[in-house]
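Trainee: Please model the entire structure based on the sequences and the hints provided.
Take a look at the letters that make up each chain.
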Amino acid sequence: MPILRLVLERIAYAFIVITAVLVLNFILVRLAPGDPAEVIAGESGGITEEILAAIRRDYGLDLPLHEQLWIYLGNAVQGDLGYSFYFNSPVVELVVSRMGPTILLILAATVIALFIGTALGVLASRNPEGLFSNFLTVASLIGYSAPAFWTGLMLIILFAFVVPLFPVAGLYDVTLSVGYFGRALDIAHHLVLPAFTLAIIYIAQYSRLARASMLEVLGSDYIRTARAKGVAERVVFFKHALRNAILPIITITGLHFGNLLSGAVLVEAVFNWPGLGTLAFDSLLRRDYTTILALLFFSALMVIVANLATDFCYRLADPRIKGKRG
Amino acid sequence: MPAADASSALLEVRNLQVDFRTRNGIAHVLDGIEFSLSKGEILGIVGESGCGKSMTALAIMGLVPTPPGRIAGGEIVYRGENLLKASKERMRRIRGNRISMIFQEPMTALNPVFTVGDQIAESIVLHQGLSRRAALDRAVELLREVHIPAPERRIGEFPHQLSGGMRQRIMIAIALACEPDILIADEPTTALDVTVQAQVFDLLLELQQDRDMAIVLITHDMGVIAEMTGRVLVMYAGRIIEAAAVDDLLENPQHPYTSGLIACVPQLSDEPEAEREALMEIPGVVPPLTELGVGCAFEPRCGFRMPVCVQSRPSPVAVGAGHSAACWLMEDADRQGADRQGADRRDGDRP
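Chains W and X, in that order, give the protein sequences.
Under my numbering, the residue at position 93 of the first sequence is numbered 93, and the numbers go up by one with no gaps.
Under my numbering, the residue at position 50 of the second sequence is numbered 50, and the numbers go up by one with no gaps.
The set of hints was computed from the structure by calculation and includes no laboratory data.
Treat the hints with caution; some may be incorrect.
Unchecked claim - List of simulated lysine to aspartate or glutamate pairs, EDC-like, C-alpha gap at most 20 Å:
(1) Lys-88/X to Glu-105/X
(2) Lys-239/W to Glu-216/W
(3) Lys-88/X to Asp-221/X
(4) Lys-85/X to Glu-233/W
(5) Lys-39/X to Glu-89/X
(6) Lys-85/X to Glu-157/X
(7) Lys-39/X to Glu-157/X
(8) Lys-239/W to Asp-118/X
(9) Lys-39/X to Glu-179/X
(10) Lys-239/W to Glu-89/X
(11) Lys-239/W to Glu-157/X
(12) Lys-85/X to Glu-206/X
(13) Lys-239/W to Asp-318/W
(14) Lys-85/X to Glu-75/X
(15) Lys-88/X to Glu-233/W
Mentor: So this is what it looks like as structure tokens:
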């Protein structure tokens, strides 16, 4: 079974990558300046050498680095990524409890960017020299030059003060969420601004990519063949051309997943979205090693899963990939 | 083959003009193309790259890219109907149904993301209103007719799984799906291996005879013209410079360009190297269409140029039954054909 082999192969790769990520992240964070024992001590009040030593001993910070790493890896295999100094909770629990909102945010942004971006690009390709196409070129330039946190702030100003249509912070409003359905609706309402903020750069990129890709495909021989068959122009455009033009967009979407995750850190901070991003933001400020390591680990895991999903989507969309190792 | 008279013509092209807007000005890509095609005839169009042979085909199909192209004048009459005046919808119903076309590049002419079966069936569903299921059954039959082995399995495959020769057979199957009156084959074998070329031509001949279909065969290869066609148009820089029945043209070419093209066909021989004739070539290149003067477009490359050639462009003159050529030599002296051929070789002998 080639598919089964492929899946096993990918899981083996994923395993190697995850191990490498664990080791690398561990080393990188330890290399950063600053003594975590002092940070912990700072949280708890007065600092004396005895307290620092006790903290180092308790958390294993006095051991040589390679031993710390070994302990870390051993625990990781058992699903224990450590205990957060700052949040007073096992980090795995902490991360899992925050994962939902982030995944929701990223998926919403991806869907928005894919649909709106592709639609705009395809529309522009109908008349590449036209007014709309030129407008899109300029608009997308602005779109992907604007940093997400700035866009977010601008949207907050617009929707909080000028036209208060959407809530600008949080996941839901306790006073408004009534029942299951009401809660879902409220979350969707809160989702609008952060998802769009995160999506804008990608809308800009996908629209340009879709436009270029459509124009390239429309000039190809098989489009001429379709026309020579007497296929209506609308069908040539939306069936023969779009189906091919979408392929590079799928690839890029997969590659963007990691960027989306790092973009989410900023967007969540701006909109106070209770996800991994705000968690990462807080723990970075607190130099909360265990949480940072766990976050890096989980984001690597998410990127790996996303890439795997992209790979399979691509296989569905492009028959030429089947049987080949991608 | 007797020359078709106007009333029995299936397709008649009259004074066709196609212009292209380019950075260097307007190019008259086709200038006064005139010919007719009868039922069951194989008409060859020969010429170098850029002479307008493919554009003639695209104009008949209604596929001239507009802009930058524009049909500036003339008529293309198919069964009494001027296709240049037909609505888009009407043209769409004719394309792939009554008039079909196959292209030079079988490797890229099929859509990579759809199965071969779907691509053949699409045209059947479109023009004959069959269900997809029935159309796929018909596709299997068509694949059998173009001699593709195991057609039931092949219809589920994608283009990348097939060789170039196979893909061109698929293209032929698509083109023939609706039993067209006219098949336009634009250099159908240029991209294929020599052995496969012969197979594709045999297939085209076989299918043409079964269906009594007319073929317009576009090529730059005089050898193919000699093998396949009944009547030939020689094109140069957007004009037809000579038209004749194939035997007449090969034995008695009137235009210096035609003689040159014939002389360019390499002869296979087993003689020792010293005794072989040097390979002929026509010196120079086709001039850019935006830079044509008022004179004959072939004048800069012609071994027989005369003062009149620079001053004005020659019109086609009848030089025999069904044989015409556009060259001042035709007007100037009646029968100098034999001398001219001799002189033309001298051209080719240049180091």
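Trainee: Within 20 Å, alpha carbon to alpha carbon, are Lys-85/X and Glu-206/X?
Mentor: 34 Å, violated
Trainee: Compare the distance between the alpha carbons of Lys-85/X and Glu-157/X with 20 Å, and conclude whether the hinted pair is satisfied.
Mentor: It is violated: about 40 Å lies between the C-alpha atoms, which goes past 20 Å.
Trainee: Is Lys-85/X close enough to Glu-75/X, meaning Cα to Cα at most 20 Å?
Mentor: Roughly 8 Å separates the two Cα atoms, so the pair holds.
Trainee: Given the proposed pairing of Lys-39/X with Glu-89/X, does the C-alpha separation stay at or below 20 Å?
Mentor: 25 Å, violated
Trainee: Would the pair Lys-239/W and Glu-89/X pass a check requiring their Cα atoms to be no farther apart than 20 Å?
Mentor: The hint holds at about 18 Å.
Trainee: Would you mind confirming whether the straight-line C-alpha gap from Lys-239/W to Glu-216/W stays at or under 20 Å?
Mentor: 15 Å, holds
Trainee: Need the status of pair Lys-239/W, Glu-157/X: alpha-carbon distance at most 20 Å?
Mentor: Holds, at roughly 19 Å.
Trainee: CA of Lys-39/X to CA of Glu-157/X, is that 20 Å or under?
Mentor: 35 Å, violated
Trainee: Hinted pair, alpha-carbon criterion (20 Å max): Lys-88/X, Asp-221/X. Please report holds or violated.
Mentor: 34 Å, violated
Trainee: With a cut-off of 20 Å on the C-alpha distance, tell me whether Lys-88/X and Glu-105/X pass.
Mentor: 26 Å, violated
Trainee: Checking one constraint from the list: CA of Lys-88/X to CA of Glu-233/W, max 20 Å. Satisfied?
Mentor: The given pair, whose Cα atoms are some 10 Å apart, holds under the 20 Å limit.
Trainee: Check the hint pairing Lys-239/W with Asp-318/W against an upper bound of 20 Å on the C-alpha distance.
Mentor: 14 Å, holds
Of the numbered hints listed earlier, those contradicted by the structure are 1, 3, 5, 6, 7 and 12.
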